[in-house]
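A.B. asks: Sequence:
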Amino acid sequence: EIYTPGAVDTSLPLNKVLDDTEREYIKKVLRETKYNKTRAARKLGISIRNLYYKIEKYKLDMQ
1 EIYTPGAVDT
11 SLPLNKVLDD
21 TEREYIKKVL
31 RETKYNKTRA
41 ARKLGISIRN
51 LYYKIEKYKL
61 DMQ
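Here my numbering is used: the sequence shown runs in plain steps of one and ends on residue 63.
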């Protein structure tokens, strides 16, 4: 779920909201690219190394 301004729980710390939003966005792009990390990184505008870091950070399932 991507947060929208009216749907955000304002009791959450900003870093939690940002992390959750980033995690969901990366998951969406990975699904759209059929888990092709090179294409996903390009679409996200980040390096492949940074994408691998974020996959590990958010413990994303690659299936």
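Just so you know, the hints here were simulated from the structure itself, not pulled from any lab data.
The model shown is predicted, which means the values in this text are computed figures rather than measured ones.
Even for Gly, the Cβ is constructed at its ideal location relative to N, Cα and C.
Be aware that a few hints might be false.
Unchecked claim - Label pairs and their in silico Cβ distance ranges:
| # | residue 1 | residue 2 | range |
| --- | --- | --- | --- |
| 1 | Gln-63 | Thr-21 | 27 to 37 angstroms |
| 2 | Thr-38 | Thr-10 | 31 to 41 angstroms |
| 3 | Tyr-25 | Gln-63 | 29 to 39 angstroms |
What the hints assert, rightly or not - Calculated cross-link-like contacts (lysine-lysine; reagent style PhoX-like; alpha-carbon spacing at most 20 angstroms):
| # | residue 1 | residue 2 |
| --- | --- | --- |
| 4 | Lys-37 | Lys-16 |
| 5 | Lys-16 | Lys-59 |
| 6 | Lys-54 | Lys-37 |
A.B. asks: For every hint, state whether the structure bears it out.
C.D. replies: For each hint, the structure was consulted:
In this structure the hint that Gln-63 and Thr-21 lie 27 to 37 angstroms apart at CB is violated, the actual value being about 22 angstroms. Under the hint 31 to 41 angstroms, the C-beta atoms of Thr-38 and Thr-10, about 38 angstroms apart, fit the expected range. Look at Tyr-25 against Gln-63: about 18 angstroms separates their beta carbons, and that is not inside 29 to 39 angstroms. With a CA separation close to 24 angstroms, the supplied pair Lys-37 and Lys-16 exceeds the 20 angstroms bound.
For the given pair, Lys-16 sits about 15 angstroms from Lys-59 by alpha-carbon distance, which is consistent with the 20 angstroms threshold. A C-alpha spacing of about 11 angstroms is found between Lys-54 and Lys-37, which places the hinted pair at or below 20 angstroms, so the restraint holds.
In summary, the structure is inconsistent with hints 1, 3, 4 from the numbered list given earlier, while agreeing with the others.
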